[in-house]
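Peer 1: Please build the complex by placing chain H on the supplied structure of chain Y, with the hints as guidance.
2 protein chains.
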Amino acid sequence: MFSIAELTDFPTHLASAAGRPVSPSRSLLTPLGLDEVRIEGGFWGERQELNANAIIEHCEHWVDKMGWVDNFDAAVEGRLPSDRTGREFADSDVYKLIEAMAWEIGRTNNTAMDARLQALVARIAPVQEEDGYLNTHFGRPGQGERYSDLQWGHELYCYGHLLQAAVARGRTVGDDQLVQIARRAADHVCEVFGAGGIESVCGHPEIETALVEFSRYTGDARYLEQARLFVERRGHGVLGDIEFGRSYYQDDVPVRDATVLAGHSVRAMYLAAGAVDVAVETDDEDLVRTIIGQLSETLAKRTYITGGMGAHHEGESFGSDFELPSDRAYSETCAGVGSIMLNYRLLLATGDSAYADVIERTLFNVVAASPAADGRAFFYTNTLHQREPGSIPSADEASPRASSSLRAPWFEVSCCPTNVARTLASLGSYLATSSDSGLQIHQYADSTIAAAVSGGTVGVKVSTDYPVHGLVRVEITDTVDGEWELALRVPGWARIGATLTDNGETRAVEPGAVSIRRAFAVGDVIELSLPMAARWSAPDPRIDALRGQLAVERGPLVLCLESTDAPGIANVNEARILTELLDRTDEGEGVTVAVCAATLTDGGWPYGAGAVVDNDAPVTRAALRPYYSWANRGPSTMRIWLPVVGSDSVVPA
Amino acid sequence: MFSIAELTDFPTHLASAAGRPVSPSRSLLTPLGLDEVRIEGGFWGERQELNANAIIEHCEHWVDKMGWVDNFDAAVEGRLPSDRTGREFADSDVYKLIEAMAWEIGRTNNTAMDARLQALVARIAPVQEEDGYLNTHFGRPGQGERYSDLQWGHELYCYGHLLQAAVARGRTVGDDQLVQIARRAADHVCEVFGAGGIESVCGHPEIETALVEFSRYTGDARYLEQARLFVERRGHGVLGDIEFGRSYYQDDVPVRDATVLAGHSVRAMYLAAGAVDVAVETDDEDLVRTIIGQLSETLAKRTYITGGMGAHHEGESFGSDFELPSDRAYSETCAGVGSIMLNYRLLLATGDSAYADVIERTLFNVVAASPAADGRAFFYTNTLHQREPGSIPSADEASPRASSSLRAPWFEVSCCPTNVARTLASLGSYLATSSDSGLQIHQYADSTIAAAVSGGTVGVKVSTDYPVHGLVRVEITDTVDGEWELALRVPGWARIGATLTDNGETRAVEPGAVSIRRAFAVGDVIELSLPMAARWSAPDPRIDALRGQLAVERGPLVLCLESTDAPGIANVNEARILTELLDRTDEGEGVTVAVCAATLTDGGWPYGAGAVVDNDAPVTRAALRPYYSWANRGPSTMRIWLPVVGSDSVVPA
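Protein sequence lines correspond, in order, to chains Y and H. If you use our numbering, the first sequence corresponds to residues 1 to 653, in order. If you use our numbering, the second sequence corresponds to residues 1 to 653, in order.
Just chain Y, same shape as in the assembly (with noise of 0.2 Å):
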């Protein structure tokens, strides 16, 4: 066990990219690698601790322990197909675990951990057949054949997080054992896939972003070829109806005819990150625009208030505009996971901050909610609103995907806790970008951050407690000579009383990066301060499912009531808030409420006059916690959309 305090020097031998999950060849934006922007602690610093200290143990024991890694060795022994044990993607959680142990490695140099790292690829290498294929699933006696089922097999999907665990590899020590598998995939997917071969795609999108990012990394073009080839082949019904429609798997409609993210929503936010890679490695304008308006729609029509996305539970996909239901909300950690990866891409593509928006509101709402506060336990979905206490889950057995009103320590299908996981050890890449004229810092953490700009190396100390307060400060530690520009990005939460502070003078900023140009020294501080009182949202008229609800932000949180904290009421969805009563002092991440409980009319029919409001009930006082705290004290109800005194519908007169 380490601590972030015991965290040794980065490895010497990063090359250029290093450190970078994604690293386009050509963007406005230059992403920075875990070698230039190191997390010092705070919030996101505790929970790469926690990521450190138990996440990714707790993903290793469990990958061992559901026999995930011993179908390898099993393929190896002629065990397969009898001994095989999960689901047809299960492959894809020991590279994922991988990826995200190597991006661990890279950021800590965590020796052990390399050795065990190493020790897992050991086992898989053998595995893989002379032309490159590796899969412990199809392709044996008694199995199906390779690619007999492109549909439901995921083989190419498991390849993609093979390629991309081992761009992680690659980007933090080099070309090894691990790159030299993913090279052989590869190879293989182009040569059975490419133009002439399998004129299909998978049912699940991971390949094509990956594909694009080992063509980066090896500087092989025929790799994002392949990839080009997946995003334009799909949607044109090359793979068979299933019950749930081709749109399940987005090949209902081609990617550039797609106005709105739509389907499953893991497999949409891959498969939009994949066509953004593609785009812009083919300097393909059209296509970037296109997904571009797609995520717009899909941010505007089809998202939940914490940046969760899916709304249903069927085909874990994305409902018809504005049918958002809380207490039905799907929103799977791994679109989370998903929706920033897309994001992000196309933050550095275009420059604007809006993206670096979205990944904040879904880092803090949907990847910080997904692990428990002892990182052994996991939210596969994210409701918003919790109906029933529920059972804990077993501590020592997988759950269903996502029956359990409590976090599970591992489920059959288990891509939230591996996703969560390389998220977090590669976070730091997603804090900040520069370019020739400067530093833009986007996601506000206690860090250090070194970029080359023209003319030298630029570097910062951030230092805030964000988001318990708003105050981000940031002292020039390394400059160059003559200006270069600092950008800060204020977000759009932040619509009144924003301020920014250089040179002793103070001036009110408003959302949007707030950029600062001119000569810096050495010790120059500069100070955004962002205004976290509480504040209401109301939500579009058309979600018929909040009518007459408010929730209530703090800065990028998503706040919610949970029983625990509502002593006097039975539970949450008898909670009425009196808006009156909000309590808007800054303290904490928190914030209290006045809430009485609705008088209930226990009737044989739920139909007829409607409410029966008691003015008199009593008023109590309630905190609102954060979103992504919740669940951490016992079965209890939960919900952030908060209905307001007066809003229940009564009979007309």
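No lab work stands behind these hints: they were computed from the structure. All residues carry an ideal CB built from backbone N, CA and C; glycine is no exception. Treat each hint with caution, since some may be false.
What the hints assert, rightly or not - Reference excerpt, derived from the structure (chain H facing chain Y, CB under 10 Å, subset only): (1) G240; (2) I242; (3) A598.
As the list claims (entries may be wrong) - Far from chain H by the CB rule (all over 10 Å, computed), these chain Y residues: (4) L299; (5) P325; (6) S537; (7) R547; (8) T592; (9) V651.
Peer 2: Same frame as chain Y, now just chain H:
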């Protein structure tokens, strides 16, 4: 083809319990059979005619087209499993169709249909094995072993529908080949699953209620005992765990311990119906009370205003209490059929007319909503809010089960069309009951009713165009010496304004069964007048998805706003109603309301200040029409619950 006008007399060989889908050996009210209650026209007469002339024939066409009848031939000819088509339970739809045909033949003596039924049965008979086993999906080389998959295999479910078909046949034409097949199957089930046999149950309840009815029909108590065993075994985790959890098939909690209906809605309804049957026959008052409690809770907290049940598409299941989103209503047609089965059994057992209220609501707003006006397309699910017009399903292909916004001709899982067909064919039996003391009329339709009472047979002719108007005229056509009691149901919705006229005297009557006890003479007329003015309904405040919305009901009909009837409003998602302008005149089945379109601010993010209300939005008048009739005029959007002007959330000043 034949019409109602050509109906012949009933077959004369009908025995006791003749023509009755349900015939308890002991009950407060005695059911009447198809020979005793004849629907002569009006709303339900038209639908019985549609069933006779279109729906049944349509179902015959499709079970053939889908290859589900050929499965039986393939079994005989050794072409299984290679030639088998359809899901595990495909046999059951042939059986449900045969049940519908049997009731229809019993009702109308349709000899052509009778020949077709016999031909179908003749193709099934040779598939039955020596020991009574009968299923096209299991037991042959290359197929799963018998009863190797009780969770999903549906073998006992298929027998259940076979037995119900046999009861229909037996109670209309008597013991024929179908009854003999059913008897051998029932014996086989008792042999294999009886005491000392397989200690388990079927993943889909149905065999329970079917075995009890078959026991009632045959007089063989062994079948009742087997049903009792199935009811008692369930809920103890005898089936394997599945991704949906054991609650999906009610194997998580014993029937006696459950306090509300939960899990897969159709399964829950069928199981509860079977439990009532077992309880009634075994004098188990506790069990009847338990089911009454479960149903009461379900009606109060888990039922849509249409009577529809099932809030989750995922698992086709009940949600939590008050989790009833309009736009994700599953409300499966078959769950409505199951609800009618359950409520009818409790009506017979308790005499409480509230169960007839539920039957009426469900018949008009679920069962009648499923078939298209031409009887050749069906809703599998019955949403309460259609957000997107959608496209018209192919008239030539089976649809996925629940994805269409318009009725589809057939489904891969096609329980609904045949369930509608068997319900409509046997509908007469649901209209009235008798007891020693007299006759009880529960559902109003143009009909003739005859019933044995103490001292002989009484008869009435009911004339009404209900639900267009609220006047129900009951003329005595046959009577006995001395007093007897005529009871008429005043629906629960007729809280104010219902009157009963007898002997020239009119009096106000309240919801419940209203009785007239006297000596009647042939030609006496009693008139019930029900208040048909449209009325507002407001939801229980705990149904968050309906806050700020009202529905309009008229008599037993739930009305809806269909975009077709709202010129000037792009789609119903944007409609707001002005409650003061409801036209409450009693004309036809519909009603006119004033609506306007909400002013919408299409921003990039749907959470902020909230609604921008335009008080000058043009007001238009739109007709609300009966929900059952929607989606018969091309693609449209539709909603039952209408947002009230001023109900949209705004951020407090």
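Peer 1: Does P325/Y clear chain H by more than 10 Å, comparing its Cβ with all Cβ atoms of that chain?
Peer 2: violated (5 Å)
Peer 1: Was the hint right that I242/H lines chain Y, CB cutoff 10 Å?
Peer 2: holds (8 Å)
Peer 1: Over 10 Å to the closest beta carbon of chain H is the bar; see if V651/Y clears it.
Peer 2: At roughly 4 Å from the nearest Cβ of chain H, V651/Y sits no farther out than 10 Å, so the non-interface label is violated.
Peer 1: Holds or violated: the hint that G240/H contacts chain Y, with Cβ atoms closer than 10 Å.
Peer 2: violated (13 Å)
Peer 1: Holds or violated: is the Cβ of S537/Y farther than 10 Å from all Cβ atoms of chain H?
Peer 2: Violated: least Cβ distance 5 Å, not greater than 10 Å.
Peer 1: Confirm or reject the statement that R547/Y sits farther than 10 Å, beta carbon to beta carbon, from all of chain H.
Peer 2: violated (4 Å)
Peer 1: Once the closest CB in chain H is found, is it more than 10 Å from T592/Y?
Peer 2: Since the minimum Cβ distance to chain H is about 16 Å, T592/Y lies beyond 10 Å and the statement holds.
Peer 1: Does the nearest C-beta of chain Y fall within a distance shorter than 10 Å of the C-beta of A598/H?
Peer 2: holds (5 Å)
Peer 1: Is the Cβ of L299/Y more than 10 Å away from each Cβ in chain H?
Peer 2: violated (6 Å)
Hint compliance for this structure: hints 1, 4, 5, 6, 7, 9 are broken, all remaining hints hold.
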